[in-house]
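Protein chains in written order, with numbering that gives the first Met the number 0: chain X, 0 to 147; chain W, 0 to 562.
Treat the hints as calculated values from the structure; they're not laboratory data.
Note that the Cβ used here is the ideal one computed from N, Cα and C, for glycine as well.
There's no promise every hint is true.
[Unchecked claim] Straight-line Cα separation of at most 27 Å, DSS-like style, residue types lysine-lysine; simulated pairs: (1) W:195 / W:143; (2) X:107 / W:75; (3) X:114 / X:124; (4) W:195 / X:124; (5) X:98 / X:114; (6) X:25 / W:146; (7) W:5 / X:107; (8) W:215 / W:143; (9) X:46 / W:539; (10) X:46 / W:75; (11) W:212 / W:143; (12) X:124 / W:212; (13) W:3 / X:107; (14) W:215 / X:107; (15) X:114 / W:5; (16) W:44 / X:98; (17) X:98 / W:143; (18) W:146 / W:75; (19) W:220 / W:195; (20) W:3 / W:75; (21) X:46 / X:29; (22) W:44 / W:3; (23) X:29 / W:75; (24) X:107 / W:212; (25) X:107 / X:124; (26) W:146 / W:212; (27) W:146 / X:124; (28) W:75 / X:124; (29) W:143 / W:220; (30) W:503 / W:539; (31) W:212 / X:46; (32) W:75 / W:44; (33) W:143 / X:124.
[Claimed, not checked] Not close to chain X: a few residues of chain W, all C-beta gaps over 12 Å, as computed: (34) 17; (35) 45; (36) 52; (37) 147; (38) 201; (39) 327; (40) 375.
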Amino acid sequence: MHRNELNAGIISFVTYLFSTFMAQGKINLKVQSQRVAFLDENRFVTKVSRYSTIPSDQVVAYASQSANVPPSAITQAALAIRDAINYFILNGHHVNLGKFGILGIGIKARAAVTKEEISADLVEKLRVRYTPSTQIRELMNQVQLNNL
Amino acid sequence: MATKGKINVDYSLRYSEATGSNRYMANAQRYSTIAYRDVLQYAAKAAHVPESSIDVAMDALYDALAYFVLNGHNIKIDGIGTFNIGVNAYAMTDEADAGADAVHRLRIGFIPEMSLRQAMNNVAVTVSVSNPNGLGEDMSVPAKIVKSYYGTNPANFSYNQKDGIIRALSLTDSYLGFNGERMSRDLTYTVQAVYKSGSTYQSVNLTANIVTKNAKWQVAKLLGIPEGAEAAWLLSVVVNDGANQIFNMSFSMPSEVTGDFVVSQVKSAQVQYGGRVKGLSTSIVNAIPSTSYNEVWIEGVNLDRVTPSVTGATATIDFSSANYKKIVLSDITTSVVITCGNVTYQLAYPSNGGGGSSSSSSPVVTSLSANGVSINNGGSSTITAGSSYNFTLAGANLSGLTAANIIVPAGSTISNFAASANQVSFTLGNAAAGTIAVSYGGSTLFSVTVTEYTGGGEGEATVTSIAGIANNGSYSVDGMNVLTDHTFEIVGTGLNNLAASDFKHMRGSSQITDTTFSLNEGSATARTLTWHASFENNDKLIVQKDGTTLFTLNITGGMVAEY
Numbered sequence: 000m001h002r003n004e005l006n007a008g009i010i011s012f013v014t015y016l017f018s019t020f021m022a023q024g025k026i027n028l029k030v031q032s033q034r035v036a037f038l039d040e041n042r043f044v045t046k047v048s049r050y051s052t053i054p055s056d057q058v059v060a061y062a063s064q065s066a067n068v069p070p071s072a073i074t075q076a077a078l079a080i081r082d083a084i085n086y087f088i089l090n091g092h093h094v095n096l097g098k099f100g101i102l103g104i105g106i107k108a109r110a111a112v113t114k115e116e117i118s119a120d121l122v123e124k125l126r127v128r129y130t131p132s133t134q135i136r137e138l139m140n141q142v143q144l145n146n147l
Numbered sequence: 000m001a002t003k004g005k006i007n008v009d010y011s012l013r014y015s016e017a018t019g020s021n022r023y024m025a026n027a028q029r030y031s032t033i034a035y036r037d038v039l040q041y042a043a044k045a046a047h048v049p050e051s052s053i054d055v056a057m058d059a060l061y062d063a064l065a066y067f068v069l070n071g072h073n074i075k076i077d078g079i080g081t082f083n084i085g086v087n088a089y090a091m092t093d094e095a096d097a098g099a100d101a102v103h104r105l106r107i108g109f110i111p112e113m114s115l116r117q118a119m120n121n122v123a124v125t126v127s128v129s130n131p132n133g134l135g136e137d138m139s140v141p142a143k144i145v146k147s148y149y150g151t152n153p154a155n156f157s158y159n160q161k162d163g164i165i166r167a168l169s170l171t172d173s174y175l176g177f178n179g180e181r182m183s184r185d186l187t188y189t190v191q192a193v194y195k196s197g198s199t200y201q202s203v204n205l206t207a208n209i210v211t212k213n214a215k216w217q218v219a220k221l222l223g224i225p226e227g228a229e230a231a232w233l234l235s236v237v238v239n240d241g242a243n244q245i246f247n248m249s250f251s252m253p254s255e256v257t258g259d260f261v262v263s264q265v266k267s268a269q270v271q272y273g274g275r276v277k278g279l280s281t282s283i284v285n286a287i288p289s290t291s292y293n294e295v296w297i298e299g300v301n302l303d304r305v306t307p308s309v310t311g312a313t314a315t316i317d318f319s320s321a322n323y324k325k326i327v328l329s330d331i332t333t334s335v336v337i338t339c340g341n342v343t344y345q346l347a348y349p350s351n352g353g354g355g356s357s358s359s360s361s362p363v364v365t366s367l368s369a370n371g372v373s374i375n376n377g378g379s380s381t382i383t384a385g386s387s388y389n390f391t392l393a394g395a396n397l398s399g400l401t402a403a404n405i406i407v408p409a410g411s412t413i414s415n416f417a418a419s420a421n422q423v424s425f426t427l428g429n430a431a432a433g434t435i436a437v438s439y440g441g442s443t444l445f446s447v448t449v450t451e452y453t454g455g456g457e458g459e460a461t462v463t464s465i466a467g468i469a470n471n472g473s474y475s476v477d478g479m480n481v482l483t484d485h486t487f488e489i490v491g492t493g494l495n496n497l498a499a500s501d502f503k504h505m506r507g508s509s510q511i512t513d514t515t516f517s518l519n520e521g522s523a524t525a526r527t528l529t530w531h532a533s534f535e536n537n538d539k540l541i542v543q544k545d546g547t548t549l550f551t552l553n554i555t556g557g558m559v560a561e562y
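Excised from the complex, chain X in its bound form (with noise of 0.2 Å):
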């Protein structure tokens, strides 16, 4: 094996137990009222309360950070999935991204009565859906809820 790829191999396992241990996540929970169309009236419900969006650099940055890896090997992989992504979804495939869970493609469409209705004119929407992977939901079910 290539030093640089034992090298490699070592800190993303490092960095996994890294994420492992350290992702016990913190949300806090808001309540506002809110009308809530189906009963035609007001209820509180409840919202995660979010913060800023990490803008791109600042994730790469980051993972660069924890991965050892250059910020431009992680934005040209990126840019390289994107590709891929691209590629086998517009054609009907699911795409598995690893951990981050599996990208598929959905649509919103109305349904026919007969079967003379049917046309692609009744496809009014194509839309990705994200299914998170199992690393992804077993951290979430550790993930600590906050009242604000």
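Once you have looked at the hints, place chain W on chain X.
Below, chain W without anything else, positioned relative to chain X:
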């Protein structure tokens, strides 16, 4: 790399819960899931980057996702998209119930990168049609109501709410809620209510405006109680899905409500006889087989406000409530007609006395009897010419018979005719040999043959017992020592060969001639002797035929002679 994809959308015929019918529903046709290694391989080849590098980078990005997203941040990864975290939680009426306790699931959302979203707009879409379960296109199942709710505000309708419709209506806001299946259908409501205005009460049909409609819920607001009403009550709610009635609930009129209200409906009536309850419709149906089982139950609404009218029988209201009335019939003589509210029930008297569903009223005669002796249809007996006999016909449905229905031998007369449901009695005068029959509607219902008894007879006779006492036995006449009729039962054989002249009242060796005997008709083995006499002690009754004494009965306890 420019990508223009192609996907196939398959429309398959499946059952739709929301509409309650079959629909062609779309799914993107999915091919294989590309394995992670294959994705890396493709990406490495396309970007001229080692696979291991991409793998390491993906692991690093995963760590970033786990760190940021699971702590409430959104993250954007160029080339892939934006990941965020959200919760699925119940919407609560009380703020105190909301929050972490209302959360039942965490989810991670994903928004693909713009390039992918734009590329999806250029995807060629083809459609295919399938019917994997072999369903038919035209199948509709009515909506189904599982629970009913009432409240002055739909805020009261929640999964914690105890279900049930409340009678008293709000004068301003009354809502009916229904939870079930296929509730997004266009249901129709028929709602009746009564309101109080001043000192009077008025009934009204309310309008139900649907305010909420989805697959599981339908909520309607009730309108129509006029302004100024002081109180209102719900009387009935009927919900239809097209021609199918899917809900029906009704209530009694409040006790304080007075006035003349029409009975809304009488649902059914039941006749109970022989321990079984049978249902009726509003037309002529089952018969009452006997007067011992003659209860009629009527089920309906507002029955506490009506009094049934009954003809053809005497009726007693044995039980009465808003929804039930029990009528006990007696003195049933003809077909019974019961009118209750808007419904009339007719109960026909049975044709055979045995129940069943016959609506015929033809009489049935089972026997003819006189002096305790009974003759069945087709039987025979003897009469003494010129005598009178009190006959009784037994059967059912006999109240319609008249003397004209009784056929007697020529020269005989009928008098003292009386008919009731189970019995006809008449006196046959100047009896003669021939046929006694019952004719009705051109048919002969009953017929017996009577022959003239000439007495003596050539046949032999034996007497086994008189008044239950064997030959040469003693019969005590205590209390019977006055000149009057005394009746004795005779048992033997060949008794039809005996005549009254064969019986003798002996006192010592002398025959008492002012005693008379009358031998009634019966059979060869049983007859009845009427003895008009007074007795002294040691008198005897002997039966003698052709000089032969067949039987001797010793009399004891009579008057003591004062010679």
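Status of the hints after comparison with the structure:
no.	hint	result
1	W:195 / W:143	violated (34 Å)
2	X:107 / W:75	holds (25 Å)
3	X:114 / X:124	holds (21 Å)
4	W:195 / X:124	violated (56 Å)
5	X:98 / X:114	violated (41 Å)
6	X:25 / W:146	violated (39 Å)
7	W:5 / X:107	holds (16 Å)
8	W:215 / W:143	holds (10 Å)
9	X:46 / W:539	violated (120 Å)
10	X:46 / W:75	holds (21 Å)
11	W:212 / W:143	holds (13 Å)
12	X:124 / W:212	holds (25 Å)
13	W:3 / X:107	holds (19 Å)
14	W:215 / X:107	holds (21 Å)
15	X:114 / W:5	holds (22 Å)
16	W:44 / X:98	holds (21 Å)
17	X:98 / W:143	violated (44 Å)
18	W:146 / W:75	violated (46 Å)
19	W:220 / W:195	holds (20 Å)
20	W:3 / W:75	holds (24 Å)
21	X:46 / X:29	holds (5 Å)
22	W:44 / W:3	holds (19 Å)
23	X:29 / W:75	holds (23 Å)
24	X:107 / W:212	holds (22 Å)
25	X:107 / X:124	holds (5 Å)
26	W:146 / W:212	holds (15 Å)
27	W:146 / X:124	violated (36 Å)
28	W:75 / X:124	holds (23 Å)
29	W:143 / W:220	holds (20 Å)
30	W:503 / W:539	holds (8 Å)
31	W:212 / X:46	holds (25 Å)
32	W:75 / W:44	holds (25 Å)
33	W:143 / X:124	violated (32 Å)
34	17	violated (9 Å)
35	45	violated (5 Å)
36	52	violated (5 Å)
37	147	holds (17 Å)
38	201	holds (31 Å)
39	327	holds (53 Å)
40	375	holds (73 Å)
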